[in-house]
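A.B. asks: What follows is each chain in one-letter form.
Number of protein chains: 4
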Amino acid sequence: MAKLKWGMIGGGEGSQIGPAHRLGAQADGLFEFAAGALDHRADLGRDYAQRLGIAADRAYGDWQEMLAGEKNRADRVDLVTVATPNSTHFEITKAFLEAGFNVLCEKPMTMTVEEGEEIVRVAEASGKICAVNYCYSAYPMVRQARAMVGAGEIGKVRLVVTNFSHGHHGDATDAENPRVRWRYDPKMAGVSGQFADCGIHALHMASFICRDEVRTLSADFASTISSRELEDDAMLNFRMEGGTVGRLWTSSVAIGRQHGFDIQVFGETGGLRWASEQPNQLIYTPVGGRTQIIEKGEGGLHEDAQRLSRVSIAHPEGFPLAVANIYCDLADAIRGEVREGLPNASDGVRSMAAVHTAVASAKDGGVWMDARPPMFR
Amino acid sequence: MAKLKWGMIGGGEGSQIGPAHRLGAQADGLFEFAAGALDHRADLGRDYAQRLGIAADRAYGDWQEMLAGEKNRADRVDLVTVATPNSTHFEITKAFLEAGFNVLCEKPMTMTVEEGEEIVRVAEASGKICAVNYCYSAYPMVRQARAMVGAGEIGKVRLVVTNFSHGHHGDATDAENPRVRWRYDPKMAGVSGQFADCGIHALHMASFICRDEVRTLSADFASTISSRELEDDAMLNFRMEGGTVGRLWTSSVAIGRQHGFDIQVFGETGGLRWASEQPNQLIYTPVGGRTQIIEKGEGGLHEDAQRLSRVSIAHPEGFPLAVANIYCDLADAIRGEVREGLPNASDGVRSMAAVHTAVASAKDGGVWMDARPPMFR
Amino acid sequence: MAKLKWGMIGGGEGSQIGPAHRLGAQADGLFEFAAGALDHRADLGRDYAQRLGIAADRAYGDWQEMLAGEKNRADRVDLVTVATPNSTHFEITKAFLEAGFNVLCEKPMTMTVEEGEEIVRVAEASGKICAVNYCYSAYPMVRQARAMVGAGEIGKVRLVVTNFSHGHHGDATDAENPRVRWRYDPKMAGVSGQFADCGIHALHMASFICRDEVRTLSADFASTISSRELEDDAMLNFRMEGGTVGRLWTSSVAIGRQHGFDIQVFGETGGLRWASEQPNQLIYTPVGGRTQIIEKGEGGLHEDAQRLSRVSIAHPEGFPLAVANIYCDLADAIRGEVREGLPNASDGVRSMAAVHTAVASAKDGGVWMDARPPMFR
Amino acid sequence: MAKLKWGMIGGGEGSQIGPAHRLGAQADGLFEFAAGALDHRADLGRDYAQRLGIAADRAYGDWQEMLAGEKNRADRVDLVTVATPNSTHFEITKAFLEAGFNVLCEKPMTMTVEEGEEIVRVAEASGKICAVNYCYSAYPMVRQARAMVGAGEIGKVRLVVTNFSHGHHGDATDAENPRVRWRYDPKMAGVSGQFADCGIHALHMASFICRDEVRTLSADFASTISSRELEDDAMLNFRMEGGTVGRLWTSSVAIGRQHGFDIQVFGETGGLRWASEQPNQLIYTPVGGRTQIIEKGEGGLHEDAQRLSRVSIAHPEGFPLAVANIYCDLADAIRGEVREGLPNASDGVRSMAAVHTAVASAKDGGVWMDARPPMFR
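Protein chains in written order, with the UniProt record's numbering: chain A, 1 to 377; chain B, 1 to 377; chain C, 1 to 377; chain D, 1 to 377.
This is chain A alone, in the form it adopts within the complex (with noise of 0.2 Å):
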């Protein structure tokens, strides 16, 4: 099979997001990095991408060039990536997929919920993929986490319980280095910090696992470093549409926790607990027994997880080959091979509709707001 082509607009050198993508597209061999348009400052992208072997007339000094030079190539790539700043994914997607692009948006995949509703009825009108990097989603054992509650393997799902919270913006000192301080600036990051950041990966991989969407939530967030306009922490109570109970705690002032993230689900027949920092196992306890660990590469895992493994049982596969399974399902479904669990722009368009809902119940002492997009009520 001939590679696919690929092009990304941002992930600049020295982003932390370019090189993880490159290795997530290119890892498996599946696509060719063929055309970028790396950087804000026009010569630098231009350079960096010839540099990494882009042929001088796709490296493109700015995603509007790159737009206008792709769309006309018999040639032109198959999928366009868009790791620029959060703020610029809406414009940027749209773009692309009106002129017949298939996209991968890095999350938000935009800051408002109309611009989310937006981007749901472009992508279904230009009949291309737009997916949105909820990568977490495609590490194998969440996929079989996934795949169990849908064969039913866990009983109906009562309760999930999810967190993730890190620490390493629990250095008040720190709090003013740029890296850091933008987060927390509804001037850079919108109307949330935490949540939107972190959180909102969490509240995905609950509906991802669940197979359910959240119906309404109650919020209460905190900045705990009080310099901060927006919350450092955050809880949220919420129910899916199935009348799941959720929990989602997300912190970033958690001192200790590395990464942080990991996922608890109660059924009425078992339980699964996953967590990020040890990806490779998932660990199952069926009502009444005893606690199972589930490996990665294990004989008679779900089709999902089977087909997301590299290498055998308790050789560990960590967070860019996560990403790289992302691009597979892409790869597929370029090819015409749809795989039902790669995040959409439905997904996205929800996150931006529970962030904007977090945010007003959080100021409203909590209260219980319907947190689905007005296009999904």
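Some clues are possibly wrong.
Same chains, same names: a pair is fine if it fits in one copy or spans any two.
Lysine-lysine pairs mimicking DSBU-like chemistry, simulated, CA-CA at most 35 Å apart [claimed, not checked]:
#, residue 1, residue 2
1, 71, 128
2, 156, 128
3, 71, 156
4, 187, 363
5, 128, 187
6, 3, 128
7, 187, 71
8, 5, 71
None of these hints come from the bench; they were simulated from the model.
Chains B, C and D: place on chain A using the hints.
C.D. replies: This is chains B, C and D only, laid out in the frame that chain A set:
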């Protein structure tokens, strides 16, 4: 030193709590089991007490008989443990305090806030010890955590997150089992199920380690097994007097969690983590530094942690000896050396106030409420 | 049931082993501490015994006095614990057995194989109990492991691998500390250092769980701190009577290992893993299946594991209660219900033979030798 | 930087090692997969190579054809990976080195010590890189451990203890499975089974982290499944040139251990612990201090550990990226920046010497033998 004399009310043959108290009182050779009214069936209680080595004249048929018998003896018991059904704690504790006995009351100390306040007043008037068995607080490494907070080793506490979530009531087909059902029946359990039963230990520990008290709270309760009138899953957000943000999750349907009691405390300069299933380690991370494992029995622990360790480093000590530590503190207190960490009637009434406030908040959509007993506002 | 009467020799004020035995004997209310010769300084011993509640006429100045005093009493002690320096175990144990007392001897039971064989013969002739304090074997989950092997749940045992390696003697600058130094001085410790001190517990446990005895062994000893005459690190390979392959590593310079005692048992149809720092779990993997966590206190444990648990599932029980379990078994045995798991004089002499054989093998370049006491060849 | 050109011999369709090398070589965009002789069935190999994107004229039918085809090209491959059956490694590696290619050879590099010594000489004469794929040594935290030892952070190393013990060949009923059986058949596997297959990784790592070489060893081998001619369980004791004591256990019948590769290094002033199933943490204990968790990606790591991390702290990286790290080092070396940690032909021949010595020692009752290749004595 002569042994102190100890009596117990409740804890009859076949009960789980009786052996725990007997071991706790006798393990260190501090107390002699001298009197008891062990069963509401008078004959059985008298017989069992004698089989346990209590003299016939101090093997009582009920607590009133025991009170009458003991109060005029020269060698009256130095301490009475109240381990009867919850609804009787108030009257028994009150009566023994008024008669000049030291009391260790099982939790909950009372069923209402008013009763709790009365116990506080009676205890104060009596000049006697009224302790409540929040025994988790007596694990050496919990004492170490409290001492570290007190010594400023993690700075001002910003955030405390605690869980007490197990899955032992997660089997709906077993929900009518009498040993399970009463806990969710308001006629027997009172206003709250899982929160009053387990969550309250976690809330006490948050106060205990943070050295602060809960001021306001907001709660979300759920009966995930729908036949239950009382909650089997609850989430509390709270604020302490000093501004610390609190999160508490408690559940009895978290299948796969065996005990599931843990606490994380995050301050300005460090974080702490402790879990009751690995009680001999305290995990500590200084801000900007590496996570360290503090071991029970290592050199340089705070005095209270050292004092309550019996065997050397890495020889685990478990739950029964945490109960025994409460008795150690009681023996010291009876002999005049008061240990500041011993949970007392104030802790008991604060717990009751938190339970009633949480119930009210959960019923009212999670509205924030003052959680303090009126006497402490 | 009236309490049994218990006496101790050694375990004076300030010793570590004295409190462990007192707690072990008294925790469950089975024994009354009735007599003692607690210190080689007669006055101190008598005084301390009385402060611990022993009557003046049974607070003895030395073991000979205690033997003389007790043997003619109608209410003589039912059990004597020998917790004196190692080199005195033989004569004291022998004398008390010959006088018709039940004895619990601290390990090592003797210093030579010949002495050990004599104890076996004396015990047999006396008809009395001679137990040796291999207390790790009394953890409930160790008993569960032994029972599972006995029930064939892992098939024929192919391989046992055990470690007892800590790092508490790893500081060369502390090597002259008298509390450390004697262990590596043949004049005080005998022929072996770390293996005789710690490794022998592991070797006993291998036999205990596998229900088999060591037949041959090959050893490699090292004094990694070169000033030490005896080994501070040792490796044994061995074969059991039934052909099971054994591996045993023991060290006192393994800095970072706190207790470091664990065992893995691999059979034809499954594997087991237990570690003394998390003693309440037994890890079990059926061949071709998933790893399961067996919890102390769960339903369906083997009888011996259930009997020796005090509190419910996931309430940890630790080392002091393992010692107490030895006393539980002793109380039963004294009353006529013999527990087959109780370590006895045969275990004691086998250990001695293994120590002497390992020393000889290590000196001779690891040559394989018969490790059995002559009486068991 | 233009990509380097890479070719592979072996690793055909359905093999496990092929995908691992392709991912390793391509993940970071350093190598272009330019040539291959992927299968001993020439047609299948050519076809598969072309499906993987290799040009038809560089999709070779066997290694001789590839050697002939590549050696005269101006754009000849910069690196050849040899991933063929073990017995062919020697001749292929030798031939490509002699023709002036850089080679990455899968382990074992050769079947005999003599062959290994010849490769060392050929590599030296050629001036080309001859690397051996001891890929575990390229995990960032293994590099950190090696760097810490080099910097004296744990003092002189006294003791190294390593295990590589899994249970995937523990099912005797599966022992005739061809994928398992060949490993214990001397006609196919050579002189050693489990030790040569897995244990040798552990022995290399001991040398790698300790920065020392094995001088003497004593071995105990067992075929716990008696139908096996070669060992499925082995224990080595060894001494390194600098006096360090070594212990190595390897097994394939340790049911319940999934990967089971770990190493502990104990020096005069500290201890280190690493396990391949949690490869992103290195556990460090300074003598007399608390155990610390060193995280991949934390600030202040040694340069080599930092350089080989791709994503930030607590985002796990796994086995495939350890292989990729070998390719990173190779790319650097090809471009002239030699990385001192890259395993080379000397490591390959030392491994072979250890295997043959261990076999001889085990046959001779564990006698200690010189384990060095003659050329390094």
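A.B. asks: None of the hints should be skipped; say for each whether it holds.
C.D. replies: Each hint tested on the structure:
1. Taking the closest pair of Cα atoms, residue 71 and residue 128 come within 35 Å of each other only inside a single copy of the chain (14 Å); across copies the shortest separation is 46 Å, beyond that limit.
2. Taking the shortest Cα distances, residue 156 and residue 128 sit within 35 Å of each other inside one copy (34 Å), while across copies they are farther apart (52 Å).
3. Taking the shortest alpha-carbon separations for residue 71 and residue 156, neither the intra-copy value of 47 Å nor the inter-copy value of 57 Å comes in at or below 35 Å.
4. In this assembly of identical chains, residue 187 and residue 363 lie within 35 Å of each other by CA distance solely inside one copy; the values are 18 Å within and 37 Å between copies.
5. For the identical chains of this complex, residue 128 and residue 187 are intra-copy neighbours only, at 32 Å inside a copy versus 56 Å across copies, given an alpha-carbon limit of 35 Å.
6. In this homomeric assembly, residue 3 and residue 128 come within 35 Å of each other (Cα to Cα) both inside a single copy, at 19 Å, and across copies, at 32 Å.
7. With identical chains, the CA atoms of residue 187 and residue 71 are at most 35 Å apart within one copy only, with a shortest distance of 34 Å there and 60 Å across copies.
8. In this assembly of identical chains, residue 5 and residue 71 lie within 35 Å of each other by CA distance both inside one copy and across copies; the values are 13 Å within and 31 Å between.
Of the numbered hints stated above, the single one contradicted by the structure is hint 3.
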